[in-house]
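1 is the number of the first residue of the sequence shown in our numbering; add one for each residue after it.
It is possible that part of the hints are untrue.
[Claimed, not checked] Here are the simulated lysine to aspartate or glutamate pairs, DMTMM-like style, with alpha carbons at most 25 Å apart:
no.: 1; residue 1: LYS48; residue 2: ASP120
no.: 2; residue 1: LYS48; residue 2: ASP136
no.: 3; residue 1: LYS48; residue 2: GLU70
[Unchecked claim] Just the calculated beta-carbon pair ranges, DEER-fashion:
no.: 4; residue 1: LEU178; residue 2: GLU74; range: 35 to 43 Å
no.: 5; residue 1: THR134; residue 2: HIS157; range: 34 to 42 Å
no.: 6; residue 1: GLN180; residue 2: ILE53; range: 20 to 28 Å
no.: 7; residue 1: LEU33; residue 2: GLN82; range: 15 to 23 Å
no.: 8; residue 1: GLU104; residue 2: PRO174; range: 34 to 42 Å
no.: 9; residue 1: GLN180; residue 2: PHE79; range: 27 to 35 Å
no.: 10; residue 1: ASP129; residue 2: THR175; range: 34 to 42 Å
no.: 11; residue 1: LEU178; residue 2: GLN132; range: 34 to 42 Å
no.: 12; residue 1: ASN77; residue 2: SER165; range: 19 to 27 Å
no.: 13; residue 1: PHE122; residue 2: SER76; range: 28 to 36 Å
no.: 14; residue 1: GLY106; residue 2: GLN132; range: 22 to 30 Å
no.: 15; residue 1: LEU159; residue 2: SER130; range: 33 to 41 Å
no.: 16; residue 1: PHE122; residue 2: GLN82; range: 26 to 34 Å
The hints are simulated quantities; they were obtained by calculation from the structure and are not laboratory data.
For each residue, glycine too, the CB sits at the ideal point set by N, CA and C.
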Amino acid sequence: MIQTGTSLFLRDFSSVLFPLGLHIHDYLYFQVLSPGDIRYIFTATPAKDFGGIFHTRYEQIHLVPAEPPEACGELSNGFFIQDQIALVERGGCSFLSKTRVVQEHGGRAVIISDNAVDNDSFYVEMIQDSTQRTADIPALFLLGRDGYMIRRSLEQHGLPWAIISIPVNVTSIPTFELLQPPWTFW
1 MIQTGTSLFL RDFSSVLFPL GLHIHDYLYF QVLSPGDIRY IFTATPAKDF GGIFHTRYEQ
61 IHLVPAEPPE ACGELSNGFF IQDQIALVER GGCSFLSKTR VVQEHGGRAV IISDNAVDND
121 SFYVEMIQDS TQRTADIPAL FLLGRDGYMI RRSLEQHGLP WAIISIPVNV TSIPTFELLQ
181 PPWTFW
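Using the sequences and the accompanying hints, generate a full structural model.
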């Protein structure tokens with residue numbers, strides 16, 4: 001899935017998604033399926049110069065908040081991140097370091113939310129940290145308000161993870177059915 005300007009393209013070849021020219025400031029969408037109070041479509045941006053791409057669409061996969069949230073070292077809940085997607089917070093170490101920690105725990109992707117919980121409109125460019133290290137899993141940046149609201153909902157419901165669908169092709173959804181977070185300006 002690729003968002004360029006006002007157009008969104010999705011190329012599907014035998015269940016494999018191939019993004020064509022995904023650039024920084026392009027958007028990738030995911031939908032929270034559970035818990036229901038945050039059943040919205042969220043917007044994220046891919047890392048600028050590191051990380052992989054989504055080769056498949058996950059209809060239902062766990063979005064597991066990392067413990068500790070900054071994911072700069074060993075994760076106490078790393079077992080739950082195996083074959084799932086981790087939700088981590090910005091800060092404490094580089095974006096690439098966080099991505100590598102999640103990858104080392106077997107995560108399929110990482111979504112890094114801003115640590116400024118009042119950020120509901122500014123996307124940060126996630127760049128390589130000059131260490132020459134690499135990461136193979138997709139790394140996405142999420143607005144701080146969105147990350148906070150997902151974590152808060154999970155805490156309120158006593159849930160260890162959310163269930164999401166990623167990536168979501170928003171061009172196939174009628175505008176009136178797009179469930180956008182009410183706190184985020186689209």
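List of violated hint numbers, smallest to largest: none
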